[in-house]
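Participant: In order, the protein sequences belong to chains A and B. Under the working numbering, the first residue of the first sequence is numbered 16, with each subsequent residue one higher. Under the working numbering, the first residue of the second sequence is numbered 67, with each subsequent residue one higher.
FYI, nobody ran anything at the bench for these hints, they're computed from the structure. Quantities reported herein were computed from a predicted structural model and do not represent experimental measurements. Quick reminder that beta carbons are idealized off the backbone N, C-alpha and C, glycines included.
If we take Cβ atoms under 10 Å as the criterion, some of the chain B residues that face chain A in the derived model are:
id: 1; residue: Ile68
id: 2; residue: Asn69
id: 3; residue: Ile70
id: 4; residue: Glu72
id: 5; residue: Glu75
id: 6; residue: Asn131
id: 7; residue: Glu132
id: 8; residue: Ile135
id: 9; residue: Phe316
id: 10; residue: Lys317
id: 11; residue: Val318
id: 12; residue: Arg320
id: 13; residue: Val321
id: 14; residue: Val325
Each chain is listed here by its residues.
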Amino acid sequence: MEQAAEKAIITVVGKDTIGIIAKVSAYLSENHVNILDISQTIVSGFFNMMMIVDVRVMEKSFTDCQKDLDEIGAQLGVSIKCQREEIFEKMHRI
Amino acid sequence: MINIWEVNETNKMVEQENLDVRTITIGISLLECIDSDLKKLNENIYRRITAVAKDLAKIGEKIENEFGIPIVNKRIAVTPIALVGGAACRTPEDFVTIADTLDRAAEAVGANLIGGYSALVSKGMTKADEMLIRSIPMALCQTGRVCSSVNLASTKTGINMDAVRLMGEILLEVAERSKDRDSVDCMKLVVFCNAPDDNPFMAGAFHGVTEADAIINVGVSGPGVVKTALEKVRGENFEVLCETIKKTAFKVTRVGQLVAQEASRMLGIPFGIIDLSLAPTPAIGDSVADILCEIGLEYAGAPGTTAALAMLNDQVKKGGVMASSYVGGLSGAFIPVSEDQGMIDAVTAGAITLEKLEAMTCVCSVGLDMIAIPGDTKATTISGMIADEMALGMVNQKTTAARLIPVIGKGVGDTVEFGGLFGYAPIMPVNRFSCDDFINRKGRIPAPIHSFKN
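Using the sequences and the hints, build the whole thing.
Facilitator: This is how it looks when you write it as structure tokens:
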């Protein structure tokens, strides 16, 4: 487990299809990742979702989680990214 | 909490606008390695660098993955080798053994480049300084990752014209030794006026003697991000223009600050500075010249270029300074020719000349950078160009530099390929009138007066 990383941002971008949220959240719950917030929108025809999650008690390493999500993304035909929250926080908040 | 639009904005900067961290550079003091025995000195240097920087590549990659921000280069800067090797080296060849050691150490830890094969001679040269300078052609030709820099002048000391003359000859020798590869080794050599001690960018990075044992310095980039932001304010007044640049520079710099702090924590090495430079690459949409065009010039080099660049540079600093706890290095817009597609286009179109580039270096960081010139340019002419650039830095109390590439066997009209991030460059014409008698005078130009500013 990564020490300082508590919150992470998961983004899903791609063609809308059935079960994207279901599949991602199932994976997160299996790995003890708590979802804090979800927002979703359609940007120029593309499914666009962001989740803020708490990875404090996640059992896997951050890198493994990224790899798994990558695979799930490939199965669903969308791109899934998982990044630590600080990069967004630092850039958009003083 | 962060919202989806902010997340998308950040990711778009990375994915579409070439936002990246250009370099994490570990500065390492080698003063503790000094020994009068050359073999022992080399062993000490290798051991010290590979111990301090052993996790550099691994941690760089980890940060890249966790934050989703590319870190293009992982580099090392060391204490100027003329100081470190002075006690052990009796000949220029002795110094070359240190260059080899630096090269091996950089390779062992996965660093792209290692800087600090340097001498600081702004007022005078010691025997060691001169030997190091004379060893530069051999050292650069024999190694792949070693970068060299020489500080020839400063506002406080004036210009060491003996060293300026010598560097003209050395540069041609470096060009000659790598003539079968378009004189590319010249890319790894830069001369400075007022060289900063904490510059993370190559070829000029070295770990100054004013620095601690080890330090992390980070250089950010992001010309593409600024350009894209300015596309949205076309035709607006200068106030809006400047505010947009400042806000964008703030965001870009915050990423650098975050990366620097994380790298510092993970490596257990203190954070030094963020270098606020807008550093271009030859990738489309990663160009400082394109920003100048977006501001309203047909090509970089058109009348108004110096003013536009001065404004850009100042706004980048104003936005960046607030985003970081410590700012240093070169901090400003870089205007290399070969590494910036917009600059290459400007040269090809005949919009920009060496003289205009020289004027531009008065208002932005660095100087005549990555400029290919004809291979038959005389050493004294090169020294004259260097002296001009040094004078700009000396009088204006700023850092200036020259990284010129005389391409042996090529002339105006030819193009030279450097490959990868270094890009390509059309060879630029150089003023053909002589400055021999000026350059051949011995001694130094005195420091300028610091009053009566006009």
